[in-house]
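Asker: This is what each chain is made of:
There are 2 protein chains.
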Amino acid sequence: MSKNIEQQAGRSAHVCLTPALIPLYKVEEYIVVIIDIFRATSSICYGIENGAEAIIPVSQVEECSAYREKGLDYLLAAERDGKVVDGFDFGNSPFSYTAEKVAGKTVVLTTTNGTHALHLSRSAKKIVIGSFLNLTALSAWLKTQHENILLVCAGWKNNFNLEDTLFAGAVIEQLKAEGFELDDAAIAANDLFQLGKGDIDEYLKKTSHGERMKKLGIEKDITFCLQVDITTAIPVLQGERLVKLV
Amino acid sequence: MSKNIEQQAGRSAHVCLTPALIPLYKVEEYIVVIIDIFRATSSICYGIENGAEAIIPVSQVEECSAYREKGLDYLLAAERDGKVVDGFDFGNSPFSYTAEKVAGKTVVLTTTNGTHALHLSRSAKKIVIGSFLNLTALSAWLKTQHENILLVCAGWKNNFNLEDTLFAGAVIEQLKAEGFELDDAAIAANDLFQLGKGDIDEYLKKTSHGERMKKLGIEKDITFCLQVDITTAIPVLQGERLVKLV
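Sequence lines, in order, name chains A and B. All residue numbers for the first sequence refer to numbering that gives the first Met the number 0, where the first residue is 0 and numbers rise by one. All residue numbers for the second sequence refer to numbering that gives the first Met the number 0, where the first residue is 0 and numbers rise by one.
Hints are computed from structural coordinates only; laboratory data are not their basis.
The following label-pair restraints were derived from C-beta to C-beta distances: (1) B/His145 x A/Glu99: 50 to 58 Å; (2) A/His145 x B/Phe94: 41 to 49 Å; (3) A/Glu28 x B/Arg240: 39 to 47 Å; (4) A/Arg79 x B/Arg240: 42 to 50 Å; (5) B/Gly103 x A/Glu210: 50 to 58 Å; (6) B/Arg67 x A/Trp140: 55 to 63 Å; (7) A/Ala176 x B/Lys156: 23 to 31 Å; (8) B/Leu194 x A/Thr143: 26 to 34 Å.
Among the chain A residues that face chain B by a calculated CB cut under 7 Å, a handful are: (9) Leu20; (10) Leu23; (11) Asn157; (12) Asn160; (13) Asp190; (14) Leu191.
All residues carry an ideal CB built from backbone N, CA and C; glycine is no exception.
Please take these sequences and the hints and turn them into a complete structure.
Answerer: As structure tokens, then:
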């Protein structure tokens, strides 16, 4: 009997390995963490830390341009093939999200994988943003929430990628002592994190995405995105805007 | 120039972590290996090794019963909650697939996850069946095929599971020296296999499925399904029937 009560009281920490698997979860029963390490959620964490009033993720460059009409205070971030699209303020590099550039501003950020994951998670109890940059602050907050947690990897074109999974495993690492019930994906992600944590940059070099990033000439961005705990702000979704959780 | 030619000549070995991700692949460009370790593809490998003329996988108990009408030579295998359904010859335990029981017979096997994965892979160049039982025979054959390979994990209710992924990683282990191009899922599966290979049974004890299996009282089946290289037959799909590849 007491075992049953314990089980009922137990929280789950599950990992959704790609947005294509989100429909398998009752999203409304979870706090969802969106993860898109290279580079959307890293840039979002850095931008919110640096005083951006809000960041609005959109999936298409055209949607982003539409914000141009709405007012001059928006900064527009859009990239194709690693280059800033003509007429936009900057791209997706975290180096564009410094206090000088974004403090007090609202940024409209074009990110296909990240926006897709966000939209499919709309019915969640709450949606927050994670990256290695805010790993411990995020994990500490999650521990206090008394809710089930779903770590959603934005992946690459709806499929699995290693960097988002590794980060999910890093969060599980911080949660697992709290007695969360873990699913197989959470166990796998955590095991992969154990393998990679000694040198995450090196570990990810063998992946497809690492190759792709190298071709785009954004290795510096990668190194930046793999820094652990350089920020403490937790971006949270309010309506269509990501703002600092207070 | 010579590098380009090499790349063109290169084959891919990709891992599809759940049937929900099959639509992301151009299945017609691959030989597909279906993996459902607990217990469908293990039982199929064992049955074909033991002389079953054919095994027909179906997803519903009702479909299975329909074969009763077609002739007395069919053996019907159907299980619910770990028990043989009334009126059926046996369930999904590999111990039912001995030579005494299945030699020369056609078995109709009810398997939800496995059948689902098979149906979604219909357009593949060829569909074969893998399990730890035929690991090395299967891998050796795959090496000779000069085709791209997609290892499809049947998973659990369309989601990720660790045992199917671990087996995919075991196949990658045997293929990787051949210069196959690997995707992130193949790299992850292989890394998980490295962690688990010392004692796969022990490694899988922490998973959700291990728990489920224990509740069903089929730990003996699990131990059986984790035996490596006790068979050499490779089941291949011909029409709706799985037969021995010759």
